[in-house]
Amino acid sequence: MRKAPAFLLLGLAPVLYLLRRRVAASERVSLHYDDGSAVTLERGAPGFDRLLALGRDALSA
Amino acid sequence: MDPASALADLTEISSQVRSVVVFEDGGSVLASTWGDGDSAARLARIGHDLLSAAAVMPLGSRRVTQVEVAMAIGSVFVVRDGDRGIAATAAAGSLSGLVLYDLRSCLGALAKDPELLADTQSEQPSTADA
Chain A
-5 MRKAPAFLLL
5 GLAPVLYLLR
15 RRVAASERVS
25 LHYDDGSAVT
35 LERGAPGFDR
45 LLALGRDALS
55 A
Chain B
148 MDPASALADL
158 TEISSQVRSV
168 VVFEDGGSVL
178 ASTWGDGDSA
188 ARLARIGHDL
198 LSAAAVMPLG
208 SRRVTQVEVA
218 MAIGSVFVVR
228 DGDRGIAATA
238 AAGSLSGLVL
248 YDLRSCLGAL
258 AKDPELLADT
268 QSEQPSTADA
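Same order as they appear, the protein sequences are chains A and B.
Numbering follows this note's numbering, in which position 39 of the first sequence is assigned residue number 33; successive positions increment by one, without gaps.
Throughout, this note's numbering is defined as the position within the second sequence, counted from one, plus 147.
By construction, these hints were calculated from the structure, which means they are not laboratory data.
From a predicted model like this one, the values you see are computed outputs, not experimental measurements.
Think of the CB as a built atom: it goes at the ideal place given N, C-alpha and C, for glycine as much as any other residue.
A couple of the hints might just be wrong.
As the list claims (entries may be wrong) - From chain B, some residues computed to sit far from chain A (all C-beta separations above 12 Å):
(1) Asp149
(2) Pro150
(3) Ser152
(4) Ala155
(5) Asp156
(6) Thr158
(7) Ile160
(8) Ser175
(9) Arg231
(10) Ser252
(11) Gly255
As the list claims (entries may be wrong) - Here are the computed distance ranges between Cβ atoms for each label pair:
(12) Asp29/A with Asp172/B: 17 to 23 Å
(13) Gly244/B with Pro8/A: 18 to 24 Å
(14) Ala47/A with Asp230/B: 23 to 29 Å
(15) Gly38/A with Ala151/B: 39 to 45 Å
(16) Leu13/A with Asp149/B: 41 to 47 Å
Here chain A stands alone, though its shape is the one from the complex:
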């Protein structure tokens, strides 16, 4: 009976890990410039967190 929570935790851990990876993979920032070029920033890029936080604020507006 005591083992039930441990098994539950072990079973849920991979699911939570995959869900977190999936959410992180869906996060990206694209910048387009006046010369027609564009860059896509991913997690870890300079400024990414600031832009993502602003995006979250916008969606909660």
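Go by the hints and put chain B onto chain A.
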């Protein structure tokens, strides 16, 4: 085309777009799909901040004209044209190319009649302090 019609057309054509605000360079609201001025002012300020934050990134001297922030809960798009910008929130998984095209078209349509935007701005003094 008046701003209200332009924004109504935009949300009709681009069904993934939830809300839109047109703003001036400083972040003051010119037109929006909201009746509530506070929400429009907030999105306008965030749109302005997104462009400002993107502009200081160390990616050369090019001028940022469009920003897209995509998340699992939705996307945010900002387009700048001269001293005006348009910001929109959209459903997750929106086709960014289409949304950005529609936003550019909307901003372009409004730019053809600057007097109408000036009229709208004068009718919404409470949103100008964003």
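Tested hints:
no.	hint	result
1	Asp149	holds (24 Å)
2	Pro150	holds (19 Å)
3	Ser152	holds (23 Å)
4	Ala155	holds (20 Å)
5	Asp156	holds (22 Å)
6	Thr158	holds (16 Å)
7	Ile160	holds (20 Å)
8	Ser175	holds (16 Å)
9	Arg231	holds (15 Å)
10	Ser252	holds (15 Å)
11	Gly255	holds (15 Å)
12	Asp29/A with Asp172/B: 17 to 23 Å	holds (20 Å)
13	Gly244/B with Pro8/A: 18 to 24 Å	violated (35 Å)
14	Ala47/A with Asp230/B: 23 to 29 Å	holds (25 Å)
15	Gly38/A with Ala151/B: 39 to 45 Å	holds (42 Å)
16	Leu13/A with Asp149/B: 41 to 47 Å	holds (45 Å)
Violated hints amount to a single one, hint 13; each of the other numbered hints is respected by the structure.
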